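Peer 1: One letter stands for each residue in the lines below.
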Amino acid sequence: MAYLVLIGTRKGLFTARSDDRRHWSVDGPAKLDDDGFTAVAEIYAAACDPTTGRVLVGASTFFGPSIWHSDDHATTWSEPENAPMAFPQDLPYRPLDFSDTAGIDQPDAEQTNTVKRIWQLAFGPGQRVWAGVEPTSLWTSDDGGHHFTFNQALWDHPQHTTWASGAGGPAVHTIVPDPADPRTLTVAISSGGIYQTHDDGQTWDGITAGITVDYAPDETPESGQCIHKVTRDADGTLFVQSHGPAYRATKPDGGWTNISQNLPSNFGFAMVAHPTQAGTVMAWPVGESMDRTPPDHRISAWRTTDAGDTWNPWGTGLPTEPYFGTVMRDGACTDGATDPGWYFGTRCGDVWAADDQTGEWHLVAAHLPDVLCVRAMETP
Amino acid sequence: MTIDVKLPAALASECGGARHLNVDAPPDATLADVLDQIAATHPRLGRRLRDEAGKLRRYVNIYIGDEESRRLQGLDTPVDGHDIQILPSIAGG
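Protein chains in written order, with this note's numbering: chain C, 1 to 380; chain F, 1 to 93.
Just so you know, these hints were derived from the structure itself, not from any lab.
Every value quoted in this text rests on a predicted model; they were computed, and no experiment measured them.
Where a beta carbon is used, it is the ideal one built from N, C-alpha and C, also for glycine.
Check the hints yourself; a few may be wrong.
Taking beta-carbon pairs under 8 Å as the criterion, some of the chain F residues facing chain C (in silico) [what the hints assert, rightly or not]:
1) D4
2) K6
3) A9
4) A10
5) L11
6) C15
7) T41
8) P43
9) R44
10) R48
11) E52
12) A53
13) R57
14) P88
15) I90
16) G93
With beta-carbon atoms standing in for the labels, derived distance ranges [unchecked claim]:
17) G54/F - H198/C: 49 to 57 Å
18) P179/C - G54/F: 37 to 45 Å
19) A18/F - R232/C: 46 to 54 Å
20) R71/F - E81/C: 30 to 38 Å
21) H23/C - D76/F: 56 to 64 Å
Could you build all of it, start to finish, from the sequences and the hints given here?
Peer 2: Here is the structure:
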């Protein structure tokens with residue numbers, strides 16, 4: 001078995017390949033387009049479909065955002081002739097910024113909504129592709145990621161008046177399909193909250209209540225929270241890294257359980273569940289909101305095997321000297337194997353991989369531009 | 001009349017490597033009319049230049065003759081037989 005890692009950075013896509021998850025060959029920045037301007041594009045989103053081998057990359061370029069696909073394991077790339085997605089121009093403009101009218105539609109505005117950046121791509125059951133986009137919106141493709149349809153129901157959710165921008169922009173940044181139920185999907189918005197559908201995106205329930213905030217007078221709002229990442233374990237339990245604590249819920253409408261007590265901090269972005277082992281999750285904490293570096297200035301991955309009741313630093317081989325690069329919300333993943341490899345990259349441009357069995361971190365790549373997303377899969 | 005549209009190297013592959021496009025346009029054509037014609041025959045080039053609202057992308061500059069279109073009437077500027085040159089302003093450190 002071989003392994004392919006897609007590394008999206010602030011300046012282009014890099015790929016890494018290995019036969020043993022220890023020794024890696026790295027290429028990049030990739031020229032997704034024939035003229036090469038994507039080599040300096042921001043790559044926030046990448047996705048792998050192990051069933052078909054297709055990989056997708058969302059790039060934000062000087063010439064606007066677009067989505068490229070490859071069916072030969074990231075060797076050659078193609079892009080649709082027409083725009084993969086375009087906002088309906090009859091929608092009123094919705095500012096999702098730091099203004100007084102954030103989240104409130106402006107029907108009299110001359111401005112309209114346009115796709116700014118693709119934050120998340122995710123394959124669901126049946127090769128459906130979901131895209132999370134800035135401004136805060138969700139899109140669906142049933143042709144492998146060539147053309148996407150705007151999800152009006154989430155856009156119209158009554159809680160949209162509480163949505164605004166995080167520091168990086170307002171977006172649906174997390175999409176969590178349910179492999180057992182193609183009609184169920186969980187998405188996260190920053191800032192906005194967590195929403196879930198059980199009818200293929202026709203209706204959405206806000207499921208954020210119970211997640212606390214420390215940056216507003218109301219510490220337990222129904223919505224508007226700054227959710228950083230949601231991941232789903234093999235039994236369907238949801239794990240959340242919020243702007244404040246980490247949480248878990250087996251049934252979110254029954255409330256969330258704080259699982260940060262044994263982490264080195266409340267704060268962080270990336271959180272990834274083991275693909276087959278329920279209750280096992282990896283997190284990459286950040287010191288605190290006002291000190292956005294790794295705790296104690298040492299890079300580390302923290303792991304729970306009991307759904308967050310206990311956490312421990314996991315693995316060997318990471319640098320022991322001071323390290324100041326954090327792991328961004330999509331900067332970590334597994335390759336989805338039954339005996340998975342774990343991967344993460346930092347804002348210092350370093351990427352590591354480790355076998356689940358050995359816990360030995362091996363350097364995949366170093367000194368890249370800051371890493372925005374990492375996705376991996378097994379390849380033949 | 002025929003308008004000569006000069007393309008930057010960064011977009012040449014959208015037209016099979018050509019650095020010039022000849023666009024037939026009526027005498028009263030505006031810049032938007034010319035870009036509409038380009039988008040009709042080269043949709044990917046069209047969306048590189050303008051977003052779905054029809055606005056010029058931030059880093060795309062289009063000169064009509066010697067003047068940058070934003071300093072004229074933007075997309076409503078009459079082309080008036082001038083050559084058009086597309087120049088991206090690639091920015092950032």
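Peer 1: State for each hint whether it applies.
Peer 2: Results for each hint:
1. D4: 21 Å, violated
2. K6: Because about 15 Å separates K6/F from the closest Cβ in chain C, which is outside the 8 Å limit, the hint is violated.
3. A9: 7 Å, holds
4. A10: Holds - the Cβ of A10/F comes within 8 Å of chain C, reaching about 5 Å at its closest.
5. L11: 6 Å, holds
6. C15: 11 Å, violated
7. T41: 11 Å, violated
8. P43: With a minimum Cβ separation of about 5 Å from chain C (threshold 8 Å), the hint on P43/F holds.
9. R44: Constraint on R44/F satisfied, holds at 5 Å.
10. R48: 4 Å, holds
11. E52: It holds, given that the least Cβ distance between E52/F and chain C is near 4 Å, below 8 Å.
12. A53: 5 Å, holds
13. R57: Because about 6 Å separates R57/F from the closest Cβ in chain C, which is inside the 8 Å limit, the hint holds.
14. P88: 6 Å, holds
15. I90: 6 Å, holds
16. G93: Where the cut-off is 8 Å and the nearest Cβ of chain C is about 10 Å from G93/F, the hint is violated.
17. G54/F - H198/C: 49 to 57 Å: Given a distance of about 38 Å, which is not inside 49 to 57 Å, the answer is violated.
18. P179/C - G54/F: 37 to 45 Å: 40 Å, holds
19. A18/F - R232/C: 46 to 54 Å: Roughly 49 Å apart at Cβ, these two residues keep to the hinted range, so it holds.
20. R71/F - E81/C: 30 to 38 Å: Holds - the Cβ-Cβ distance for R71/F and E81/C, about 32 Å, lies within 30 to 38 Å.
21. H23/C - D76/F: 56 to 64 Å: With a Cβ separation near 59 Å, H23/C and D76/F satisfy 56 to 64 Å, so the hint holds.
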